[in-house]
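Listed below, chain by chain, are the residues.
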Amino acid sequence: TQLLEQSPQFLSIQEGENLTVYCNSSSVFSSLQWYRQEPGEGPVLLVTVVTGGEVKKLKRLTFQFGDARKDSSLHITAAQPGDTGLYLCRGATNKLIFGTGTLLAVQP
Amino acid sequence: SQTIHQWPATLVQPVGSPLSLECTVEGTSNPNLYWYRQAAGRGLQLLFYSVGIGQISSEVPQNLSASRPQDRQFILSSKKLLLSDSGFYLCAWSATGAGEQYFGPGTRLTVT
Chain A
1 TQLLEQSPQF LSIQEGENLT VYCNSSSVFS SLQWYRQEPG EGPVLLVTVV
51 TGGEVKKLKR LTFQFGDARK DSSLHITAAQ PGDTGLYLCR GATNKLIFGT
101 GTLLAVQP
Chain B
109 SQTIHQWPAT LVQPVGSPLS LECTVEGTSN PNLYWYRQAA GRGLQLLFYS
159 VGIGQISSEV PQNLSASRPQ DRQFILSSKK LLLSDSGFYL CAWSATGAGE
209 QYFGPGTRLT VT
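Going line by line, the protein sequences match chains A and B. Just so you know, we're using the working numbering here: the first sequence kicks off at 1 and counts up by one. Just so you know, we're using the working numbering here: the second sequence kicks off at 109 and counts up by one.
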């Protein structure tokens, strides 16, 4: 069974702090996506990475795809309450699977 | 532009009752369609996906079934609900299998 493990599972931080969440698997992915989901809504795509070692930035969010395309990280600089939500990675191999999720709460 | 509709938004059903959740997509043709279930604060469990009318793939053996009677309509059903069917159900579409998925607003199902 393919798994996409995300860590940490829960994270509660103060506004202005930095954080990193991870998405790890034993499988090699042709591409990997990151989504954010706010309470009571569906997930919304943040970014897609396709090349090993690729780094993409979206304002205060930095996404990195591992060199071996088995893992990815999301780094948030100076977190704000609006960053609160569930962060999900989704990997494409012969199947498409979502990660276990990281629930982030940013306290004002 | 494309939009995805899902209803109802919330549903409270007794154990043993039937279920029908509907999802429709506008503004695109021949989409890939998906049903997911999500436990609170956790990832998405893929239940069913469809690449075309009448074509349904089941990912998890369970008490649920899906149908695609029209190109842009996807229905999730159950003949008899179980307590364990409670959860947040999300419908999604994509243009290609590995492409971005666009999600509906979800249905919160509580089985009592």
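It is possible that part of the hints are untrue.
[Stated by the list, open to error] Subject to a maximum C-alpha distance of 20 Å in a straight line, what follows is the list of computed EDC-like cross-link-like pairs (lysine to aspartate or glutamate):
1. A:K70 to A:E17
2. A:K56 to B:E130
3. A:K70 to A:D83
4. A:K57 to B:E208
5. A:K95 to B:E208
6. B:K187 to B:E130
7. A:K56 to A:D67
8. A:K56 to A:D71
9. A:K59 to A:E5
10. A:K57 to A:E17
11. A:K95 to A:D71
12. A:K95 to B:E167
[Said to hold, decoys possible] From chain B, some residues computed to sit far from chain A (all C-beta separations above 10 Å):
13. T111
14. L154
15. S175
16. R176
17. S192
Worth flagging that the hints you see were computed from the coordinates, not collected in a lab. Note that the coordinates shown come from a computational prediction; the quantities given were computed from them, not determined experimentally. Glycine is no exception: its CB is placed at the ideal position from the N, C-alpha and C atoms.
Taken at face value, is the distance from the CA of B:E167 to the CA of A:K95 at most 20 Å?
holds (11 Å)
10 Å Cβ clearance of B:S192 from chain A:
At about 19 Å from chain A, B:S192 clears the 10 Å cut-off, so the statement holds.
What's the verdict on B:K187 and B:E130, does the C-alpha distance respect the 20 Å limit or exceed it?
Holds - the C-alpha atoms of B:E130 and B:K187 are around 15 Å apart, at most 20 Å.
Beyond 10 Å on every Cβ pair: is that true for B:T111 relative to chain A?
holds (12 Å)
Non-interface label on B:L154, tested against every C-beta of chain A at 10 Å:
violated (7 Å)
For B:S175, is the shortest CB-to-CB distance to chain A above 10 Å, so the non-interface label stands?
holds (21 Å)
Can you confirm whether the C-alpha distance between A:K57 and A:E17 stays at or below 20 Å?
Status holds; Cα separation ~18 Å.
Taken at face value, is the distance from the CA of A:D83 to the CA of A:K70 at most 20 Å?
violated (25 Å)
Straight-line Cα separation of A:K95 and B:E208 no greater than 20 Å?
Answer holds: A:K95 to B:E208 is near 14 Å, not above 20 Å.
Restraint status (C-alpha distance of A:K57 to B:E208 at most 20 Å):
holds (18 Å)
Hint consistency between A:K95 and A:D71 [alpha-carbon to alpha-carbon, up to 20 Å]
holds (16 Å)
Run the distance test for A:K59 versus A:E5: straight-line Cα separation, threshold 20 Å.
violated (25 Å)
Of the hints listed earlier, those the structure fails to meet are numbers 1, 2, 3, 9 and 14, in rising order.
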